[in-house]
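Required output: the full structure, derived from the provided sequences and hints.
4 protein chains.
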Amino acid sequence: MPGSVFGQEFRITTFGESHGGAVGVIIEGVTPGMELSEKLIQKDMDRRRPGQSDVSTPRQESDMIHIMSGVFHGKTTGTPLMMMVQNRDARPISYDKIKDIFRPGHADFAYERKYGYRDYRGGGRSSGRETAARVAAGAVAKMILKQENIKITAYVKRGAGIECENIDFDEIEKNIVRAADAEAAKKIIEKIVAARTEGNSVGGIVECVVSGVPAGLGEPVFDKLDADIAKAIISLGAVKGIEFGAGFAAADMTGKENNDEITSAGFLSNNAGGITGGISTGQDIIFRIAVKPTPSISLSQKTIDTNGNDAECQTFGRHDPCIFARIVPVVEAMTAIVLADHLKRQKALLV
Amino acid sequence: MPGSVFGQEFRITTFGESHGGAVGVIIEGVTPGMELSEKLIQKDMDRRRPGQSDVSTPRQESDMIHIMSGVFHGKTTGTPLMMMVQNRDARPISYDKIKDIFRPGHADFAYERKYGYRDYRGGGRSSGRETAARVAAGAVAKMILKQENIKITAYVKRGAGIECENIDFDEIEKNIVRAADAEAAKKIIEKIVAARTEGNSVGGIVECVVSGVPAGLGEPVFDKLDADIAKAIISLGAVKGIEFGAGFAAADMTGKENNDEITSAGFLSNNAGGITGGISTGQDIIFRIAVKPTPSISLSQKTIDTNGNDAECQTFGRHDPCIFARIVPVVEAMTAIVLADHLKRQKALLV
Amino acid sequence: MPGSVFGQEFRITTFGESHGGAVGVIIEGVTPGMELSEKLIQKDMDRRRPGQSDVSTPRQESDMIHIMSGVFHGKTTGTPLMMMVQNRDARPISYDKIKDIFRPGHADFAYERKYGYRDYRGGGRSSGRETAARVAAGAVAKMILKQENIKITAYVKRGAGIECENIDFDEIEKNIVRAADAEAAKKIIEKIVAARTEGNSVGGIVECVVSGVPAGLGEPVFDKLDADIAKAIISLGAVKGIEFGAGFAAADMTGKENNDEITSAGFLSNNAGGITGGISTGQDIIFRIAVKPTPSISLSQKTIDTNGNDAECQTFGRHDPCIFARIVPVVEAMTAIVLADHLKRQKALLV
Amino acid sequence: MPGSVFGQEFRITTFGESHGGAVGVIIEGVTPGMELSEKLIQKDMDRRRPGQSDVSTPRQESDMIHIMSGVFHGKTTGTPLMMMVQNRDARPISYDKIKDIFRPGHADFAYERKYGYRDYRGGGRSSGRETAARVAAGAVAKMILKQENIKITAYVKRGAGIECENIDFDEIEKNIVRAADAEAAKKIIEKIVAARTEGNSVGGIVECVVSGVPAGLGEPVFDKLDADIAKAIISLGAVKGIEFGAGFAAADMTGKENNDEITSAGFLSNNAGGITGGISTGQDIIFRIAVKPTPSISLSQKTIDTNGNDAECQTFGRHDPCIFARIVPVVEAMTAIVLADHLKRQKALLV
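Protein chains in written order, with our numbering: chain U, 1 to 351; chain C, 1 to 351; chain S, 1 to 351; chain X, 1 to 351.
Think of the hints as simulated: they come from the structure by calculation, not from any bench.
Do not rely on the hints blindly, as some may be mistaken.
A pair holds if it fits inside one copy or across any two, identical chains being indistinguishable in the list.
Derived lysine-lysine pairs resembling DSS-like cross-links, with alpha carbons at most 27 Å apart [unchecked claim]:
# : residue 1 : residue 2
1 : 39        : 151
2 : 302       : 146
3 : 146       : 347
4 : 97        : 75
5 : 174       : 75
6 : 174       : 186
7 : 186       : 302
8 : 302       : 99
9 : 256       : 146
Since we're looking at a predicted model, the values are computed, not measured.
Written out as structure tokens, the structure reads:
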């Protein structure tokens with residue numbers, strides 16, 4: 001099977017390239033009768049869109065969302081909800097330089113090998129622009145979760161080597177890198193600016209906390225809740241790793257240290273990250289992801305052209321000096337989609 | 001949808017609990033006409049089975065595989081291949097102590113909340129015994145991969161805090177912990193024995209390297225090759241994290257450092273772990289996973305009973321002091337299943 | 001994807017050939033906490049099994065069902081329920097005559113072309129024996145439907161050219177052909193005996209009525225309730241057609257004649273067969289299917305051998321002179337599986 | 001799972017209502033590198049669109065197709081292909097009369113029961129307008145089939161009680177009802193005009209013949225080729241039955257009469273309709289479907305309003321007096337989608 005469908009009972013199918021007509025999504029399984037408007041969706045779209053701040057690409061896209069089906073008189077009908085964003089700031093001419101070479105760190109080479117033919121403009125389907133569709137779908141998923149008081153908060157935990165020491169959710173949207181620590185945010189921004197100045201880019205770590213998840217979500221033995229979150233998150237182009245709860249640190253622990261003891265007042269720790277046996281326990285779900293530095297840099301790099309000959313790559317143009325800041329709403333969106341799906345699946349089981 | 005089906009074109013459905021009649025798997029999409037015997041499957045089963053060494057549970061199960069369908073006169077027919085292993089060393093009486101309490105670090109609590117009713121013997125469906133079915137399926141997947149010269153090697157990279165410094169594939173099956181470094185293996189075993197003596201357990205890190213993968217496998221934007229591997233691996237009960245290539249270290253790199261430059265002679269590095277944009281590049285696929293310490297320990301722990309009252313948990317009985325050694329063939333199996341599936345999916349795309 | 005998985009939230013995966021080790025099914029999505037025993041399943045198995053009467057094959061199979069997982073202390077756990085029936089009365093020697101030829105009306109030729117290799121004993125996977133797994137799964141689905149007061153009744157409407165004029169549900173299980181009319185049953189049996197005597201076989205029509213279905217089941221625009229029933233039923237080897245409500249007769253009607261008018265007291269007719277727009281209306285669901293005559297006959301027929309040379313086929317052996325009588329419980333089973341699935345899917349939608 | 005996804009390797013997801021912003025489809029699994037333009041798709045769109053002739057609704061929709069993704073420089077990229085048609089001739093005001101009543105023969109009542117909230121304009125998602133997306137997807141599927149010399153021809157076999165006695169494929173597109181017999185066509189048109197004049201409508205039978213299908217397509221035991229075609233076709237709102245080959249007539253045959261004998265020169269008959277055991281045999285695939293009369297008629301009918309009170313329904317407005325003529329390209333489209341999917345699935349099996 002091809003791979004642009006995700007989820008089961010809350011199911012999304014996405015389409016669109018960086019420079020085609022539009023990017024968008026069909027969502028199925030939307031609970032009927034919910035209030036929904038383009039305005040409600042746009043809020044999350046604006047958190048992801050390019051050009052929103054100094055540390056994101058200057059590409060100008062308003063990312064205006066259009067609802068094309070599934071809503072009638074301001075309410076969801078339960079039938080497929082199609083939303084899309086038209087591509088406007090497309091400048092195909094600027095891609096002539098790179099149409100015959102493979103940019104290091106990008107998917108150009110792999111796409112060529114897979115499909116034998118590719119839309120080289122802005123990476124085509126492999127562009128981060130594809131995530132606009134995910135964010136739109138996530139906004140709908142969040143509405144379903146809100147009815148159950150489930151709340152998802154993602155933020156930058158570490159950026160350009162700077163760690164957020166004091167996590168404060170109120171700080172996240174107050175700084176342009178979405179770091180959960182005001183002091184760290186300043187230093188991270190400095191590092192990003194420095195990297196951009198020299199034509200380079202930086203990576204970071206994003207953490208996500210989900211509160212209010214009822215115990216019992218997740219479908220062993222393959223569609224476990226953590227397995228589905230891992231797939232959802234690793235499917236984001238820039239993510240190179242994910243860990244739940246204690247994560248890689250658990251590898252150095254003993255069973256006595258790692259086990260979360262339970263008392264009548266609740267769990268005494270959360271090394272499991274809110275999931276055991278692939279099923280939510282009712283504790284907060286916590287995971288962290290490694291976000292690689294933006295592959296598009298203007299420093300010179302070795303590469304080959306489409307004929308296999310040695311070449312040089314220097315991608316001028318409009319690029320984000322980091323991905324971790326703009327990926328935050330996308331991480332929330334993918335998490336919301338997984339949770340909405342599993343909420344519905346659990347209802348189906350208990351019929 | 002329930003969650004015991006995995007894969008698309010090479011698709012497995014598993015069943016079985018720790019102490020029910022049997023655990024097993026139906027495999028669909030088996031290429032017809034391949035030579036297959038129980039003996040060929042048994043080899044991998046023996047690498048996973050309990051009681052194989054000093055650092056595994058003394059539970060005695062021969063894990064003898066039985067082929068029930070899909071093979072005729074020693075060759076696969078292309079129709080569903082069912083294989084199963086009967087449960088023999090079941091001692092239900094030994095579970096009376098824990099039937100009314102939730103063992104910390106186990107899925108007991110989450111299963112109770114999800115299903116409202118559970119088979120408490122040995123963890124029921126959440127038992128690691130379920131992975132016997134995965135290993136059997138993986139052995140079949142490996143036969144398909146072998147035809148394409150794809151080879152999967154997993155090993156312990158770090159155990160009980162001891163790192164393997166010199167990776168040597170030839171060492172892996174020569175020591176009982178499957179460490180890729182003979183020196184490290186000795187120290188790891190010492191640590192395990194010490195932990196077991198005090199009724200405790202230890203965790204570790206397993207690394208997996210896949211060579212010979214053709215470029216072009218993976219189905220963007222959700223069924224990316226790394227996303228599907230991540231799901232497959234995180235669906236293993238003891239795994240708390242996964243990272244590809246440079247992994248979490250990439251978060252602290254710059255784009256210039258992290259990008260894998262390309263020359264006419266090949267890639268100059270492999271920070272991507274053999275996958276870009278979710279598609280294999282032809283380089284080795286490399287990933288590492290965090291394996292938590294066995295939750296079953298005999299040290300006393302706080303817990304609650306099924307009525308929510310405070311209780312004490314002390315799980316005597318036959319348990320592995322570490323999971324990382326026995327999980328190695330399971331990691332290979334899940335990786336093989338994902339790759340066989342994606343090989344077939346790529347053929348379907350290019351019709 | 002291969003094709004031995006059916007359903008979404010109530011999902012079955014089947015395996016097994018006519019003469020392999022066993023035929024069976026893994027069922028997922030079984031509501032946890034339901035009472036379930038082999039005895040309850042066996043009842044439906046006995047209605048399908050060979051050797052049950054004068055008009056079925058004398059092949060002796062007790063078709064004893066074994067539950068291998070998913071049930072604990074007499075109740076379903078919600079985890080995969082595996083059930084199987086071992087093949088006992090296998091006489092491979094009797095298939096030597098037909099291993100090199102393709103029996104007309106059978107799937108031999110098509111299987112050879114598809115897989116390039118086949119288990120010729122009794123048709124292998126294409127054998128009607130495969131339906132034992134469906135009946136076992138259907139028995140579980142019926143338990144879920146029973147909780148909602150949904151009742152499925154299938155019966156022979158026409159056999160060997162004889163029509164049941166007065167449908168009486170009480171007659172169905174009183175005669176060995178499961179005709180819903182005692183008078184017709186006698187004549188049908190006479191016709192069958194006559195056909196068998198001359199080495200021939202006969203076909204018929206089975207009707208199925210489902211009462212108690214709540215309005216609202218079915219998932220437009222592809223997984224409509226009638227579309228899913230059609231797929232489920234046409235997937236039975238001997239079925240060559242299906243029609244809902246007025247069916248083919250609707251083709252000759254006008255809109256005024258065919259439309260089912262509605263009053264505050266209910267619908268005035270049921271030409272739709274209980275489904276409009278692919279969604280149940282709350283009326284009885286009614287459909288009819290065409291069951292072809294058994295292809296195994298002992299009269300001589302022209303065929304070719306596996307080398308493509310002309311040959312003669314005369315299949316002696318133990319065969320049913322009609323399929324329509326034994327297919328009745330299978331039709332009920334497949335209908336039950338579709339309905340249990342859609343009940344669960346509707347719950348998921350309305351979260 | 002919701003139901004607007006169809007197919008596996010050639011997979012479509014559709015959206016859109018009669019009077020929303022647009023109807024359209026995302027197609028995945030499109031073979032990369034094929035030439036594709038809106039012009040090529042438009043040809044089939046025009047065969048389905050309203051207002052094309054005297055016997056179709058006068059609703060004016062140009063049904064201009066727009067490709068939004070998946071095509072670059074006139075060739076398919078292998079990534080999701082999104083196509084849509086905007087709704088233009090929407091006159092919501094004309095639906096005020098029927099917003100509070102359920103039209104007999106329509107899905108209004110069932111949709112209300114299922115979703116609890118509905119877009120009543122033109123039937124919303126249950127409108128035949130939804131099939132525009134299917135036809136667009138079918139046009140792409142046909143391109144894949146063309147490469148394999150597979151040809152699909154559907155036509156009216158019987159309309160308003162008039163049978164086509166002499167099937168001539170060349171006649172089909174020469175008459176506005178797509179009857180395969182010029183003489184019959186004239187009579188059918190007369191009958192339609194008479195029905196329309198009195199505010200009534202008529203039904204018919206469509207036959208479909210597929211030539212050039214290689215032997216071996218179809219995935220037992222559930223995704224059999226005939227089972228998947230049956231689902232695809234019954235998922236069309238107006239279809240009440242389907243039969244393959246001899247179909248319902250086989251119910252009255254003996255095995256000797258029904259079996260298709262084989263000789264070294266080929267099959268001697270085609271009662272199976274080109275499929276045995278759910279797998280194509282290489283013979284023509286033949287099936288017939290029952291198309292009900294258009295439910296929208298202007299004659300008065302009894303119904304209830306949304307409060308359950310008795311009411312009268314008289315649907316003035318722009319309606320087709322028959323569905324069978326315009327459904328012909330839709331039947332071809334759904335058949336093409338199933339075959340393209342199974343072609344790809346067979347390639348995956350044989351890796």
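Hint check results:
1. For a Cα distance limit of 27 Å, the shortest separation of residue 39 from residue 151 inside one copy, 20 Å, qualifies, whereas the shortest one across copies, 47 Å, does not.
2. For the homomeric pair residue 302 and residue 146, neither the shortest alpha-carbon distance inside one copy (49 Å) nor that between copies (34 Å) is at most 27 Å.
3. Taking identical chains as interchangeable, the C-alpha atoms of residue 146 and residue 347 lie at most 27 Å apart whether they share a chain (17 Å) or sit on different chains (19 Å).
4. In this assembly of identical chains, the alpha carbons of residue 97 and residue 75 lie at most 27 Å apart only when taken from different copies (21 Å versus 47 Å within one copy).
5. For the identical chains of this complex, residue 174 and residue 75 are neighbours neither inside a copy (32 Å) nor across copies (45 Å), given an alpha-carbon limit of 27 Å.
6. When the C-alpha separation of residue 174 and residue 186 is checked against a cutoff of 27 Å, the pair qualifies only within one copy, where the shortest distance is 11 Å, while the shortest distance between copies is 52 Å.
7. For the identical chains of this complex, residue 186 and residue 302 are neighbours neither inside a copy (33 Å) nor across copies (43 Å), given an alpha-carbon limit of 27 Å.
8. When the C-alpha separation of residue 302 and residue 99 is checked against a cutoff of 27 Å, the pair qualifies only within one copy, where the shortest distance is 16 Å, while the shortest distance between copies is 62 Å.
9. Proximity of residue 256 and residue 146 under a CA criterion of 27 Å is satisfied in neither setting, with 36 Å inside one chain copy and 41 Å between copies.
In summary, the structure is inconsistent with hints 2, 5, 7, 9 from the numbered list given earlier, while agreeing with the others.
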